[in-house]
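Student: The whole structure should be built from the sequences, with the hints applied where relevant.
Residue numbers (our numbering), protein chains in the order written: chain A, 1 to 346; chain B, 1 to 346.
Any given hint could turn out to be false.
No copy labels: a pair is met if it fits in one copy or bridges any two.
[To be verified] With a straight-line Cα cutoff of 25 Å, these simulated DMTMM-like cross-link-like pairs (lysine to aspartate or glutamate) come out: (1) Lys43 to Glu117; (2) Lys28 to Glu117; (3) Lys43 to Glu90.
Please keep in mind that the hints were generated in silico from the structure rather than gathered at the bench.
The lines below spell out each chain.
Protein chains: 2
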Amino acid sequence: MEKPTPPRRVTIVDVAQHAQVSTTAVSKVLRNAYGASPAMRAKVQQAIEELGYRPNASARGMRGQTYTIGVMLPDIRNPFFPEILDGLTEALRDTPYQVLLGPGGCNDAQAEARVTEAMIDRGMDAMVLVAPISSRSRLEHIARSVPTVVVGRHGHSDAYDTVSDDDLTGAALVVGHLVSLGHRRIAHIEHAETDPDRLAEMPNAIRAEGYKRAMQAHGLGDEIDIVSTTYTQEGGYAGAQQLLARSQRPTAIFAGADVVALGVLEAVAEAGVSVPGDLSVAGYDNTTVAALGPVSLTSVDQAGHHIGAETARLLLDRIRDRERPSAQVRLSPTLVTRRTTAPPPS
Amino acid sequence: MEKPTPPRRVTIVDVAQHAQVSTTAVSKVLRNAYGASPAMRAKVQQAIEELGYRPNASARGMRGQTYTIGVMLPDIRNPFFPEILDGLTEALRDTPYQVLLGPGGCNDAQAEARVTEAMIDRGMDAMVLVAPISSRSRLEHIARSVPTVVVGRHGHSDAYDTVSDDDLTGAALVVGHLVSLGHRRIAHIEHAETDPDRLAEMPNAIRAEGYKRAMQAHGLGDEIDIVSTTYTQEGGYAGAQQLLARSQRPTAIFAGADVVALGVLEAVAEAGVSVPGDLSVAGYDNTTVAALGPVSLTSVDQAGHHIGAETARLLLDRIRDRERPSAQVRLSPTLVTRRTTAPPPS
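Tutor: Right, dumping it as structure tokens:
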């Protein structure tokens, strides 16, 4: 069956006539180019709305712009990512750019490659890669094809911009809080990492490093106890089971992400261990689930909304000027203390 | 700055030569057309993998296929939607189709229209609309442009397929469980709905209707008590606050979705009401958060994974044959009882 003929599309010429401006002016406004005055933008925007004009993305794709931002999310279940996404879409609201999400694969470099290739292939104007695990050279390959902002991952590249949280400080905030409550046996659940690039750049690796440094700074180097699983609820569950099986149990667990802490709370409840009476638990990301009454999880707030807004700023900037030097934005986290942390049992 | 020239792309001709088959055969396999034998598929797939061939989506877009499935999710925070998505992507794994997600707007028809138009504009081969709130005529307009499966929403249309849960039965399971525990004052928090089409078709409206019918069937028509908010955590919080302010409080709250129940648990914890001692709480969707130790929420399982798999089957089928009659798949829910429901206080 052939597609039925669609009604005639409103074109850029119709918009220009309606707004009583030149097609070049309409085009400038659509491209968000410099040299379009606010008054001109307002006129063109009004005509676009009144006529219901939609730029044809396929046709634009052949010319080089689709007004689409591809966002690779490694795990749609991690409740931190919607925070970033909210900040991003809010900052893009008054632009012609539309966000489409590509679900990556949790800890699966092949799945990540597939979805990023698919997004490049579909003509995204820019890409946002959230906590990508691909090699540095692969990220640079992507960034050479299309303006790219890498979120969460540290490290400097001339090819792409980064927005990340100061994860060393975030980990130190958790350890400092637990130490001030009187804890010494503080364990950490990390997301396993062996690749040297990723050990230097991934937020999970840097949180684990921050945990070690903070333990040492507090004279607790001998108490360092790290369990390696994954940043998932299952990873937290498995990690807590290992820690609860220790002959000397920790009195506090610092989970590297809220989603991990949720798994810890699950395992701990099953084992009949009371939180925070027998065991304190802290997470990282300050997600809405952490704030939830029955959960009430102490967690590090890395300002996901702000991360998303900074990401939008950088990518619009990079679309306008692909030759500008790459930028690294580092945001400072804060600690939100809730009911899951308290002094250790005496 | 011009984009650097990319290395020469692997073409369909290279694949055909490598697999020692005709380009027509390769094309058939890529289109998932009938008449390509399993042996032929295997040969071509192997050549594609060995050469790292990627069909060029932009070029295909102009010819009519981009091998992209657009999924509109109304709310990326609702923990039920990843379940559907998992089932969908798993069922598409061995096909050339890539899923891209368009974040809709929670209860915002304009945002929903914007994202669906954007996805059509970008040449999606098929669309999946999860619990869309748009008018029937708008959904049919979308389905006339591109093969469409509507998920969650009931109602029959010749233009699109639907996959939904039997929400009447789901609501009856919750009420029956609470009645069998001894509850009579069972309240319900619904997602507000006034549009007549949506009252007849949206899962939230049908759950509310199922609640009313089940209460009547149990001789509890006089106890029907519905609070209208939204299917969000905030909606659950606000709804519970209203119910807790009643002179005669309910002894059980049936929240129309797990995300709503989470807000209920939050408000209830703040008010110092104990669950399930003073108040039973049940949700709908059986999300991973419901299963979480500290939450342990009684909930209706509507088999999101199965919904996603059925959706994939229907859309592949519809891409192959756009003229086939539309299909309606209705799945049966089950109840998972956990710690948030118990007999009422005596």
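Student: What are the numbers of the hints the structure violates, in ascending order?
Tutor: The structure breaks none of the hints.
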